[in-house]
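Listed in order, the protein sequences are those of chains V and S. Start counting the first sequence at 1; every next residue gets the next number (the working numbering). Start counting the second sequence at 1001; every next residue gets the next number (the working numbering).
Hints are not guaranteed to be accurate.
Label pairs and their in silico Cβ distance ranges [unchecked claim]:
| id | chain 1 | residue 1 | chain 2 | residue 2 | range |
| --- | --- | --- | --- | --- | --- |
| 1 | S | L1230 | V | R23 | 55 to 65 angstroms |
| 2 | S | E1366 | V | G391 | 37 to 47 angstroms |
| 3 | S | G1391 | V | D219 | 48 to 58 angstroms |
| 4 | S | P1390 | V | G202 | 49 to 59 angstroms |
| 5 | S | P1390 | V | D219 | 21 to 31 angstroms |
In the DSS-like style, the derived pairs of lysine-lysine whose C-alpha atoms are separated by at most 30 angstroms in a straight line are [claimed, not checked]:
| id | chain 1 | residue 1 | chain 2 | residue 2 |
| --- | --- | --- | --- | --- |
| 6 | S | K1139 | S | K1207 |
| 7 | V | K383 | V | K139 |
| 8 | V | K207 | V | K139 |
| 9 | S | K1383 | V | K51 |
| 10 | V | K383 | V | K464 |
| 11 | V | K207 | V | K383 |
| 12 | V | K383 | S | K1139 |
| 13 | V | K139 | V | K35 |
| 14 | S | K1207 | S | K1464 |
| 15 | V | K139 | S | K1383 |
| 16 | S | K1051 | V | K383 |
| 17 | V | K139 | V | K51 |
| 18 | S | K1383 | S | K1464 |
| 19 | S | K1051 | S | K1139 |
| 20 | V | K383 | S | K1464 |
Negatives, chain V to chain S, calculated, CB over 12 angstroms [stated by the list, open to error]:
| id | residue |
| --- | --- |
| 21 | S56 |
| 22 | D75 |
| 23 | D273 |
| 24 | K351 |
| 25 | E419 |
| 26 | D439 |
| 27 | T454 |
| 28 | N469 |
Don't read these hints as lab results, they were simulated from the structure. Ideal Cβ positions, reconstructed from N, Cα and C, are used throughout, including at glycine.
The lines below spell out each chain.
Protein chains: 2
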Amino acid sequence: MSDTFVVVGGDAAGMSAASKAKRDDPDLEVVVFEKGEWVSYGACGLPYYVKGEIQSLEELVSVTPEEFREERDIDLRTGHEVVSIDPDERTVTAESDAGTVTESYDSLLLATGAEAVVPPIDGTNREGVYTLGSMSDGKELREYVARARDGEGLQQPDRGPACRYLEDCSGPVAVVGGGYIGIEMAEALAANGFEVNLFQRGDRLLKGFSEATSEAVADHLREQDIVLHLGSGVRELAGEEAVDAVVTDGGRVNVEMVLLGTGVRPRTDLAADAGVELGETGAIATDPYRETSVDDIYAAGDCAEAIHAVTGEPAYVPLALTANRHGRAVGQTVAGQPTTGGAIAGTAAIKAFEVEAARTGILDHEEALEAGFDPISETIDAKSRAGYYPGGGTVTITLTADRDTGRLLGASLVSEYGEGAVHRSHALVAALTEGAAVDDLENYDLAYAPPFNTTWDPVLVAAKVLSGNLR
Amino acid sequence: MSDTFVVVGGDAAGMSAASKAKRDDPDLEVVVFEKGEWVSYGACGLPYYVKGEIQSLEELVSVTPEEFREERDIDLRTGHEVVSIDPDERTVTAESDAGTVTESYDSLLLATGAEAVVPPIDGTNREGVYTLGSMSDGKELREYVARARDGEGLQQPDRGPACRYLEDCSGPVAVVGGGYIGIEMAEALAANGFEVNLFQRGDRLLKGFSEATSEAVADHLREQDIVLHLGSGVRELAGEEAVDAVVTDGGRVNVEMVLLGTGVRPRTDLAADAGVELGETGAIATDPYRETSVDDIYAAGDCAEAIHAVTGEPAYVPLALTANRHGRAVGQTVAGQPTTGGAIAGTAAIKAFEVEAARTGILDHEEALEAGFDPISETIDAKSRAGYYPGGGTVTITLTADRDTGRLLGASLVSEYGEGAVHRSHALVAALTEGAAVDDLENYDLAYAPPFNTTWDPVLVAAKVLSGNLR
């Protein structure tokens, strides 16, 4: 009898694992339990769906449930919530409208993902308060925007793409949180004519990026008429049934809607109940092969820790590529070829209106000190194309290195959209993953032609300046 | 008395060396002999000047002679051609309109650059035959284009930016050579209304790139109404005083002008006469610090060899960044801090109309075999942005690796302009410089967001596919 590989959760990590395992070992029985109806969807696309640049939720789905079942021969059971795991008996129990089912496994993958954090303040359950974690969240938000544009919330339904072009703005809304979701949703809402107030507890946006990047993005958001409330911890979402104001230490801002973009946390209840150990980050701890403390139970994606390429320590950075990579690696492993799927570098990218930014590695000096490094940082501005070539803009790059060894620890980049901050970050990911020093980086023979960069690409300029400071 | 550093040649390598040496050691006497009037100019910008996107040659100059003299305190002598070097006496002799001057040196840099190769065929000295190596070449070509647009050569001076929009094309011209200069000049001439015939001896353009890249660029050039004559060795440039036809094995094409873009060769006469050894490539041989076979004589830039990052062997790849990097390194070295300036990877980038391409490392299997590798290549097409995100296109990537070790040897990328082939190449330069294997590369935690790439960036897709083939 063939082995059975059971996957709990049908998004990036789960479906990558299921697909890879079945492809590499067609004799394997692969069962996926997904509590919702959607599988394998690009949650990263939800802000663009709400914005209106993507017309249907179906477009976010890379492979449909039917394709998984019929073409990939995966026993995908949507609408099935796994409620318990028995590691001794090697079974999982799932509930659905049809009742309760118990399935045996030889290998099990926990791919339960993460959920939006709702901050512990009053009023988060009022009408008009949204989060954006799931496809149904996206649907609700799009419906809200459509209603508002049809005149129920906004005064001028036909008033064009962005509030700043209007004489009279109305429909003030709040975004709480200045991370990816918060900023992408600020763009999505502003593009639909809302006056957007963005509240950030800390004193800058995108706190994992460099200060220079945060400032460039903040300046740009202000230019786009986003009202930034930095250093503004939200006390309460006030109102009757529906929210009508955000109350901070500094005062009260009337709004018609609130989007909470205050981060995510790993879904670990099922794992914890089964006796699977969690790490210090609160996510599921694993070995390099994504195996948990319990034999033959793996964890990957937004519910699990991973090893950081710079520190060598476990870290929790829930992002799509890691989920895909590590899910796929588990699939290979259970199909008989043990695979780690590699480390993470905490790399992330964002487009905010007409700027783009990326970050990777360790930028924060406290974090670097804790990891045993002696950090030094440098920020440069450089032209994105040859000075004489038409167009172009500025790329601002912050690099952090270890003073003793010169090793590159982290990088943060920002430029106008299309001027290459994000694609330039790939070289820095490569360099820090390979343990390169900034004086190695300074000598990389990077591609040059006037329509793309200056003879010394901004990446090389940054390395040259920081390397000079280390001598 | 302070030491004297004499530099022969005032472009990228020479002026980088002079500036760095003087900055690091202000007591050093720095003398630069430049036979022409222009120094420190971006020759890479000349096609865009001829095209008309750059309005004056002065825009291509990054630092003026006056700035070098007055702000950087460099004894820059333009209009001075060095005619001999006496290594025993440690002197150089230069000629100018004012006469002959002999200067003593403690260190000497040969930064004599490269010159356009004129192929050994009949007719290259006819009127209407141009090369594009120097600022004066650029000036002559721009004047030719202006004359033609004013009606002397072209029938319809006001007929718009490109021949393909016209009912009746005239002014057929020829570009001989399908490398960077040839293709960039084909764009520059087409944009000015010329019907461009591009002749390439070999059977594909951009022979240092992958076949997939060459084909993508060729297809795009044809779409832009460039008439490609591949596998067409030119026999003769026919005509009376002025050229009026290109004669190939296959026939005769009437043209009004010919641009020779048939490569460059290092200017080494001065070095050879002084007893400086040349390498197998024909360029000046140096040690890792750019010192030649003669003590205290250095060579850098387009006249010199450099060590290839993949093979570890001397190579000749005359490009701007290397000249800058190695010139600067010599400046540091003569100022007392020995610096290699790093290896080269043969990296290059080109924009051709609305496509962009880059290449790095060793792609050619024969070349890889000679260097002791067992090459394997794979080419993939992938989406440049998330499938559901508006816009975007295709990135085609060829990777070559060593079968035994998995080590990345080379890469070639092509995409629509703006879709990131060139900036993505930087990661591959980093990887191959660090000696990474494709299964390392496959696991890089590259930045992802829907406006920039798919969850697995095309670079990762290429690595994944090639890595799969190696197992």
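Hint-by-hint comparison with the structure:
Between L1230(S) and R23(V), the C-beta spacing of about 40 angstroms breaks the proposed range 55 to 65 angstroms. For E1366(S) and G391(V), the Cβ-Cβ distance of about 40 angstroms falls inside the hinted range of 37 to 47 angstroms, so the restraint holds. In this structure the hint that G1391(S) and D219(V) lie 48 to 58 angstroms apart at CB is violated, the actual value being about 25 angstroms. Range check, P1390(S) to G202(V): Cβ separation about 32 angstroms, and the 49 to 59 angstroms hint is violated.
In this structure the supplied range 21 to 31 angstroms holds for P1390(S) paired with D219(V), their Cβ-Cβ distance being about 25 angstroms. Proposed proximity of K1139(S) and K1207(S) is supported: the alpha carbons are some 28 angstroms apart, at most 30 angstroms. Taking the CA atoms of K383(V) and K139(V), the gap is about 41 angstroms. The hint is violated against a cut of 30 angstroms. Taken as a hint, the K207(V) and K139(V) pair is honoured in the structure, with Cα atoms around 28 angstroms apart against an allowance of 30 angstroms.
At roughly 22 angstroms between alpha-carbon atoms, K1383(S) and K51(V) fall within 30 angstroms of each other, so this suggested pair holds. For the hint pairing K383(V) with K464(V), the CA-to-CA distance comes to about 15 angstroms; that is within 30 angstroms, so the pair holds. Proposed proximity of K207(V) and K383(V) is supported: the alpha carbons are some 25 angstroms apart, at most 30 angstroms. Distance check on the hinted pair: K383(V) and K1139(S) sit about 26 angstroms apart at the alpha-carbon level, within 30 angstroms; holds.
Between K139(V) and K35(V) the alpha-carbon distance is near 18 angstroms, which keeps this suggested pair within the 30 angstroms criterion. A C-alpha spacing of about 26 angstroms is found between K1207(S) and K1464(S), which places the hinted pair at or below 30 angstroms, so the restraint holds. For the hint pairing K139(V) with K1383(S), the CA-to-CA distance comes to about 26 angstroms; that is within 30 angstroms, so the pair holds. For the hint linking K1051(S) to K383(V), the alpha-carbon distance of about 22 angstroms falls within 30 angstroms, and the restraint holds.
Between K139(V) and K51(V) the alpha-carbon distance is near 11 angstroms, which keeps this suggested pair within the 30 angstroms criterion. Straight-line distance between C-alpha atoms of K1383(S) and K1464(S) comes to about 15 angstroms, which keeps the hinted pair within the 30 angstroms bound. Between K1051(S) and K1139(S) the CA atoms are separated by roughly 11 angstroms; this keeps the pair inside 30 angstroms, and the hint holds. A distance of roughly 33 angstroms separates the Cα atoms of K383(V) and K1464(S); the hinted pair therefore is violated under the 30 angstroms criterion.
For S56(V), the condition that its CB be more than 12 angstroms from all CB atoms of chain S is violated, with the nearest at approximately 9 angstroms. No Cβ of chain S comes within 12 angstroms of the Cβ of D75(V); the nearest lies about 24 angstroms off, and the non-interface call holds. Distance to chain S confirms D273(V) as a non-interface residue, since its nearest Cβ pair spans about 30 angstroms, more than 12 angstroms. Residue placement check: K351(V) does not keep its beta carbon more than 12 angstroms from all beta carbons of chain S (closest about 4 angstroms).
With 12 angstroms as the threshold on Cβ separation, the claim that E419(V) sits away from chain S is violated: the shortest Cβ distance comes to roughly 9 angstroms. Chain S draws D439(V) into its interface by the beta-carbon criterion, the shortest separation being 9 angstroms against a cut-off of 12 angstroms. Not every C-beta of chain S lies more than 12 angstroms from that of T454(V), the closest at about 9 angstroms, which undercuts listing it as non-interface. With a cut of 12 angstroms on Cβ distances, N469(V) stays outside the contact zone with chain S, its closest approach being about 15 angstroms.
Checked against the numbered hints above, the structure violates hints 1, 3, 4, 7, 20, 21, 24, 25, 26 and 27; every other hint is satisfied.
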